[in-house]
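Trainee: Spelled out, the chains give:
Number of protein chains: 2
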Amino acid sequence: DEDSTEIEQLLSYDEDSAGGIMSTEIFSLREEMRVQEAIEALQQAEDVEMVFYLYVTDEYNHLVGVLSLRQLLTVPPQTQLKDIMTRDVIRVTTDTDQEEVAHLVARYNILAIPVVDDSNKLMGIVTVDDVIDVMREEATEDIFKMAGASEEELLYGFKSFKIARLRLPWLLVNLFGGVITGYLMWMFKATLEQIVALVSFVPVITGMGGNVGGQSATIVVRGFATGRIDMGTLRRVFFKELRVGFIMGTVCGSTIGLVAWFWHHNPYLGLVVGLAMVTAMTVAASMGVLAPTFFKKIGVDPAIASSPFVQTANDITGILIYFGTATMFLQLLL
Amino acid sequence: DEDSTEIEQLLSYDEDSAGGIMSTEIFSLREEMRVQEAIEALQQAEDVEMVFYLYVTDEYNHLVGVLSLRQLLTVPPQTQLKDIMTRDVIRVTTDTDQEEVAHLVARYNILAIPVVDDSNKLMGIVTVDDVIDVMREEATEDIFKMAGASEEELLYGFKSFKIARLRLPWLLVNLFGGVITGYLMWMFKATLEQIVALVSFVPVITGMGGNVGGQSATIVVRGFATGRIDMGTLRRVFFKELRVGFIMGTVCGSTIGLVAWFWHHNPYLGLVVGLAMVTAMTVAASMGVLAPTFFKKIGVDPAIASSPFVQTANDITGILIYFGTATMFLQLLL
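Chains A and B, in that order, give the protein sequences. So in this note's numbering the end of the first sequence lands on 334, straight run, no missing numbers. So in this note's numbering the end of the second sequence lands on 334, straight run, no missing numbers.
To be clear, the hints were calculated from the coordinates, so they are not data collected in a lab. It cannot be assumed that every hint is accurate.
[Unchecked claim] The list that follows gives simulated cross-link-like pairs (lysine-lysine, DSS-like), each with its CA atoms no further than 30 Å apart:
1) 159(B) x 121(B)
2) 297(B) x 159(A)
3) 162(B) x 162(A)
4) 121(A) x 82(A)
5) 189(B) x 296(A)
6) 121(B) x 297(A)
7) 189(B) x 189(A)
8) 159(A) x 82(B)
9) 162(B) x 296(A)
10) 296(A) x 162(A)
11) 162(B) x 296(B)
Given the structure is predicted, the values throughout are model-derived calculations rather than measurements.
Taking the hints into account, I'd like the entire structure generated from these sequences.
Mentor: Spelled out as structure tokens, the structure:
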């Protein structure tokens with residue numbers, strides 16, 4: 001019967017597309033109708049949950065125009081719909097991504113958006129309340145992914161083992177990165193044994209790199225999600241983040257350099273720690289832009305990939321930069 | 001004149017409240033009106049951008065009911081509005097927080113919400129398109145704050161110095177925390193000089209603590225924002241995160257313990273590193289819940305305070321737990 005065909009068709013759409021979230025209960029009118037007939041049709045319509053826009057179709061059910069309910073009340077009853085309708089209708093197709101649907105509804109301040117198939121046949125409608133759910137869902141998803149968690153865990157409530165299994169993969173990436181970082185420190189064992197004071201600045205160098213990289217990655221991931229950043233503006237964003245990282249690196253590097261100098265009474269130690277900090281923070285900022293961009297390009301959600309990878313990469317480069325600088329200036333430090 | 005009084009009044013509301021975002025152009029009807037009169041009033045109304053709900057007021061402009069436009073078309077023209085209107089209207093007051101307004105609109109799937117003053121006088125209307133802007137803004141704000149950035153920086157475009165100044169405060173908190181962490185490591189200098197191998201696990205211990213704490217903090221901050229977590233469920237959330245942290249700590253601790261054992265051919269080193277990891281990750285998870293809760297209780301936005309504080313606190317406790325454990329088992333390690 002008709003109902004099961006409809007459900008079958010809905011199931012065939014991607015659940016994150018306009019086709020997957022649209023309602024197929026559309027109240028539409030034919031362009032040859034007169035206003036009086038349209039009002040009568042509206043009075044007889046049942047189960048039409050929310051009517052704000054009246055979509056107008058031609059004889060083949062192609063979407064050709066739109067009317068507001070209030071418009072119907074302000075023209076003579078004998079007027080034909082095609083003479084008063086607006087022909088320029090903002091529409092999406094069944095395979096438009098739900099995030100794009102939300103962007104359009106938000107940008108044009110509309111209450112509903114009609115969904116058509118490839119031949120412009122009216123298939124359904126996405127209303128603003130669905131869009132609100134989409135936006136909330138997408139924001140939560142991004143926030144969770146960026147922390148290496150997953151929105152899926154909301155389904156598990158308080159089942160700790162299932163939740164732990166969802167979060168663990170990202171932690172294991174970091175664990176692996178941490179082992180590499182530790183191994184690199186071990187490679188600089190000779191330098192370390194001569195200047196134990198270097199050890200005290202390891203957490204601050206890796207920590208600050210992680211934070212700066214995290215800030216840049218957050219700006220880029222959210223910028224992609226809201227459409228504020230695209231591949232065209234990315235170059236400018238990259239150089240902006242590089243500058244911001246360098247400026248903040250200079251402030252933090254000078255501070256930590258002075259701390260190192262006066263704490264260990266060694267100006268060269270201050271110089272090494274400070275220089276390493278500036279370099280590590282500038283590199284971290286640029287990686288914060290490059291990592292999500294790379295993941296977007298290869299078709300992986302930037303939000304999911306950014307945080308653990310950026311942090312691991314920053315730890316590794318931070319340690320290399322720090323001990324590399326220290327080894328270079330080793331004679332001055334002794 | 002009337003216009004400037006209106007603007008003056010709008011300015012007196014908090015910009016994050018219903019009063020601050022509402023539109024004062026409301027089309028309302030009186031309860032004694034008949035349907036025919038209501039339709040005529042609607043036809044004559046100008047400048048009424050979007051009418052989906054018709055709010056009904058009494059003679060003192062108190063909000064008493066609501067009608068839909070379609071309802072008007074389906075009853076006899078002589079019916080009085082008070083006989084067909086719905087009396088149970090979802091409403092907010094001028095000082096309701098915009099986030100709460102967004103929650104209500106999303107929960108009840110409504111297109112607009114009327115705003116009343118303390119005496120139930122109809123003051124304005126917040127429409128769903130304003131709510132969409134609020135939701136997007138609040139999500140971006142939370143995401144940025146959690147990374148120690150700020151939504152304000154969107155205003156600055158590509159002005160690197162201004163952006164750097166906005167992000168720096170949170171980095172400086174971490175810088176200070178990093179110095180304390182380094183100082184604590186220095187206090188354990190004697191232990192370190194005897195077992196240099198301990199150094200190689202410092203980044204992984206502090207890094208994993210930071211990540212676990214970040215995951216828990218993210219769940220709690222977003223839970224507060226969406227209303228999924230409140231002070232009533234917090235106790236359960238705390239124990240859940242504690243369990244999740246312990247489970248993940250056991251997995252990561254065993255892994256890193258085995259790595260340490262076989263790398264440095266010392267089972268006791270494996271035991272110390274593994275135990276420290278389990279403890280640090282469990283403590284970090286609980287702090288990830290406690291920190292945003294504390295900030296919420298003292299009236300500071302949990303999102304802004306969570307990330308840098310959680311990371312700094314985790315670095316410090318991670319180092320103390322690690323070197324504390326190592327010093328306790330020092331005889332076995334040598």
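Trainee: Now tell me, hint by hint, if it's right for this structure.
Mentor: Results for each hint:
At roughly 46 Å between alpha-carbon atoms, residue 159(B) and residue 121(B) are farther apart than 30 Å, so this suggested pair is violated. Proposed proximity of residue 297(B) and residue 159(A) is supported: the alpha carbons are some 27 Å apart, at most 30 Å. With a C-alpha separation of about 44 Å, the suggested pairing of residue 162(B) with residue 162(A) is violated against the 30 Å cut-off. A C-alpha spacing of about 17 Å is found between residue 121(A) and residue 82(A), which places the hinted pair at or below 30 Å, so the restraint holds.
Between residue 189(B) and residue 296(A), the direct Cα distance comes to roughly 45 Å. Violation of the 30 Å bound is thereby established for this hinted pair. As the CA atoms of residue 121(B) and residue 297(A) are separated by approximately 54 Å, the hinted pair breaks the 30 Å bound. A threshold of 30 Å between alpha carbons decides the hint, and for residue 189(B) with residue 189(A) the separation of about 15 Å falls inside it, so the pair holds. Distance check on the hinted pair: residue 159(A) and residue 82(B) sit about 51 Å apart at the alpha-carbon level, beyond 30 Å; violated.
A distance of roughly 28 Å separates the Cα atoms of residue 162(B) and residue 296(A); the hinted pair therefore holds under the 30 Å criterion. Of the supplied pair hints, the one linking residue 296(A) and residue 162(A) holds, its CA atoms being roughly 28 Å apart against a limit of 30 Å. Restraint check: the Cα-Cα separation between residue 162(B) and residue 296(B) comes to about 28 Å, which is no more than 30 Å; the hinted pair holds.
Consistency with the previously given hints fails for numbers 1, 3, 5, 6, 8, ordered from lowest to highest.
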